[in-house]
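Asker: What follows is each chain in one-letter form.
2 protein chains.
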Amino acid sequence: MSTRQYNYLIVGAGFAGSVAAERLASKGNKILLVEKRNHIAGNAFDEYDEHGILVHKYGPHIFHTNSKKVFEYLSQFTEWRKYEHRVLANLDGELYPIPINRTTINKLYNKNFTTEDEVKEYYESVREKRSPILNSEDIIVNQVGVDLYEKFFKYYTKKQWELDPSELSSSVCGRIPIRTNTDDRYFTDQYQFMPKDGYTKMFEKILAHPNIKILLNTDYKEIINKIEFDKIIYTGPIDSFFDYEFGKLPYRSLHFEWENHKTEFYQKVTSVNFVNSEKYTRITEHKYFSNQKSNTTTITKEYPQMEGEPFYPIPNDENSVLVTKYKSNVSKLNNVKFIGRLAEYKYYNMDQVIGRILSLY
Amino acid sequence: MSTRQYNYLIVGAGFAGSVAAERLASKGNKILLVEKRNHIAGNAFDEYDEHGILVHKYGPHIFHTNSKKVFEYLSQFTEWRKYEHRVLANLDGELYPIPINRTTINKLYNKNFTTEDEVKEYYESVREKRSPILNSEDIIVNQVGVDLYEKFFKYYTKKQWELDPSELSSSVCGRIPIRTNTDDRYFTDQYQFMPKDGYTKMFEKILAHPNIKILLNTDYKEIINKIEFDKIIYTGPIDSFFDYEFGKLPYRSLHFEWENHKTEFYQKVTSVNFVNSEKYTRITEHKYFSNQKSNTTTITKEYPQMEGEPFYPIPNDENSVLVTKYKSNVSKLNNVKFIGRLAEYKYYNMDQVIGRILSLY
Chain A
984 MSTRQYNYLI VGAGFAGSVA AERLASKGNK ILLVEKRNHI AGNAFDEYDE HGILVHKYGP
1044 HIFHTNSKKV FEYLSQFTEW RKYEHRVLAN LDGELYPIPI NRTTINKLYN KNFTTEDEVK
1104 EYYESVREKR SPILNSEDII VNQVGVDLYE KFFKYYTKKQ WELDPSELSS SVCGRIPIRT
1164 NTDDRYFTDQ YQFMPKDGYT KMFEKILAHP NIKILLNTDY KEIINKIEFD KIIYTGPIDS
1224 FFDYEFGKLP YRSLHFEWEN HKTEFYQKVT SVNFVNSEKY TRITEHKYFS NQKSNTTTIT
1284 KEYPQMEGEP FYPIPNDENS VLVTKYKSNV SKLNNVKFIG RLAEYKYYNM DQVIGRILSL
1344 Y
Chain B
984 MSTRQYNYLI VGAGFAGSVA AERLASKGNK ILLVEKRNHI AGNAFDEYDE HGILVHKYGP
1044 HIFHTNSKKV FEYLSQFTEW RKYEHRVLAN LDGELYPIPI NRTTINKLYN KNFTTEDEVK
1104 EYYESVREKR SPILNSEDII VNQVGVDLYE KFFKYYTKKQ WELDPSELSS SVCGRIPIRT
1164 NTDDRYFTDQ YQFMPKDGYT KMFEKILAHP NIKILLNTDY KEIINKIEFD KIIYTGPIDS
1224 FFDYEFGKLP YRSLHFEWEN HKTEFYQKVT SVNFVNSEKY TRITEHKYFS NQKSNTTTIT
1284 KEYPQMEGEP FYPIPNDENS VLVTKYKSNV SKLNNVKFIG RLAEYKYYNM DQVIGRILSL
1344 Y
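The listed protein sequences derive, respectively, from chains A and B. For our numbering, add 983 to where a residue sits in the first sequence, where the first one is 1. For our numbering, add 983 to where a residue sits in the second sequence, where the first one is 1.
Among these hints, one or two may not hold up.
Identical copies carry no separate label here, and so any pair may be met within one copy or between two of them.
No farther apart than 27 Å at their CA atoms in a straight line, the calculated lysine-lysine pairs in the BS3-like style are these [claimed, not checked]: (1) K1284 / K1188; (2) K1010 / K1209; (3) K1270 / K1188.
Note that these hints are calculated values from the structure, not bench results. Every value quoted in this text rests on a predicted model; they were computed, and no experiment measured them.
For reference, chain A alone in the conformation it holds in the complex (with noise of 0.2 Å):
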């Protein structure tokens, strides 16, 4: 072992730097986690607000796997509490279950299915088949046809991405399923949970090791050069690490409008997606997360924009052009690993990067 202050500089403290921050820390690696923002956890921060309700304070982030070794790993560092996320969309006013199920379709169409058969028809029936598949529109429309896609996805995805989905990858409307049954669950893995304390806790107990030094508030380009490491493991935009020498990679960013009410609960479910109207994607109620009891709830509006931090990569054929260059950068280089959604410009759930990170160390 290296006889160096640090074996790794990671950049950033959200779930690729701090998963791999103490899988190396346990191996005896000296490591220091720098991190732009004051606090740990990565958008998947939550704190309790100042009405004393927990909120994400970086939009929702529900936990789900099927993993049961990234199940396993996080159990070291949090008790759970059962949660499963279900979501309505707001259409005209009224609410239908999401994803798209059973319900949904006999609810809007007035139809009275009571198998998965009659639907798989029914879907059959009003599909409009496209080959190949390009696009958001094309993997939607193929399966249930142009009245679903435009009253769930289009709008929706619209006012998400400030793109059509004929303009962006079959992976971002793809990733929704579209059901016969009547699950309302948004997700169906194996493992869905809540860290019980929150996942803020949850990161201090990943992070409380000897070998782990963490650094706040501060860029590590402030502190690179001053600093003597082995290796990096880079979890920033990719863009922003080469200076920008492409150009400037887009991400979508997000606005959260805070609101308090004094109300034990304000919607029936998490989230409401507005998928015809309001300027903002969805509201969600935080209290769903922790169970918490209070006589006044906490809910976000969440308004999708370019601006402002980093969200998600933008999965488009000129991204990924872009993205292809400084991926070339990145193989020139020794000594330096990007993970994670913002270096690698790739859409990954948490418990993805997660297991990621656990099959590199």
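Since chain A is already given, all that's left is putting chain B on it; use the hints.
Answerer: Structure of chain B alone, referenced to chain A:
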């Protein structure tokens, strides 16, 4: 201004270190603030517990001051809620106002005093003149005689310090006033408030300056030879700085036992002091600090002990000899400033340490 990486290395992110960091950063200095724990705010740290109650993790911290300057300084970083601290003494199962006031005397001795003069006369009739005043027994007995001393001070102080008041500097018990009126507030300062969203939130704002880099989980000794800086401000234990050269200074520590009760309130006031029973000194009910609503309530029982993290310097002759030795070491150092309760081995209230930093920087 120096071209070194940091103008100041500040050790400890409690009030002394954090306020110094803010003052110096605002004048253009680059600061590295190093903290051994995984959080800022020192012993004033508060957070929501697993029951959603905001708790003072290292015991009750009551902000009170007569200094307009200190109050206005902190007001840049927090809003406030009015809070007046009230304490009751549990003596043989009965509750009495503390500090001792007219109500205490009337209830305890079955009197009906209605004026300050009557109570003053009473104290005069029971006091036992001591001169010189050498210790904490002297200062109380000299004011109110042996019975009140034994009832409210002797055993409580022994529990707190493992020393008889006669072995402790008069400053310890002398801090607590003896009243002739019916004022049952613990403090009478002009400004008595709680930071509206808690101490930790206030510290986050104090430290939210781009010139302040915060390094958590780190003993300054691990990094001091690896970074460049002009000056040190040290707020940790003075004996540890000098590697216990003259021996270890004793600090009084606390062990906290936490309980959550399924009731709206557990006791009538924030703190109940057990003056002649129990092994714990007091029970503190945290909800009173924030006035939050909840069906449950969290309390702590405080057990003073010698082992554990340093809380209070122990002011007696033996220790002050030792401190003087260490302080003569300090005077030989250039570019290191020792400030705060641990670095000066001196009891400071929060406002006192802030006032001291403000006058220095």
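Asker: Does each hint hold? Answer for all of them.
Answerer: Verification of the supplied hints:
Taking the closest pair of Cα atoms, K1284 and K1188 come within 27 Å of each other only across two copies (25 Å); inside a single copy the shortest separation is 30 Å, beyond that limit. For the homomeric pair K1010 and K1209, the shortest alpha-carbon distances inside one copy (25 Å) and between copies (23 Å) are both at most 27 Å. In this homomeric assembly, K1270 and K1188 come within 27 Å of each other (Cα to Cα) both inside a single copy, at 23 Å, and across copies, at 26 Å.
In this structure, none of the earlier numbered hints is contradicted; all agree with it.
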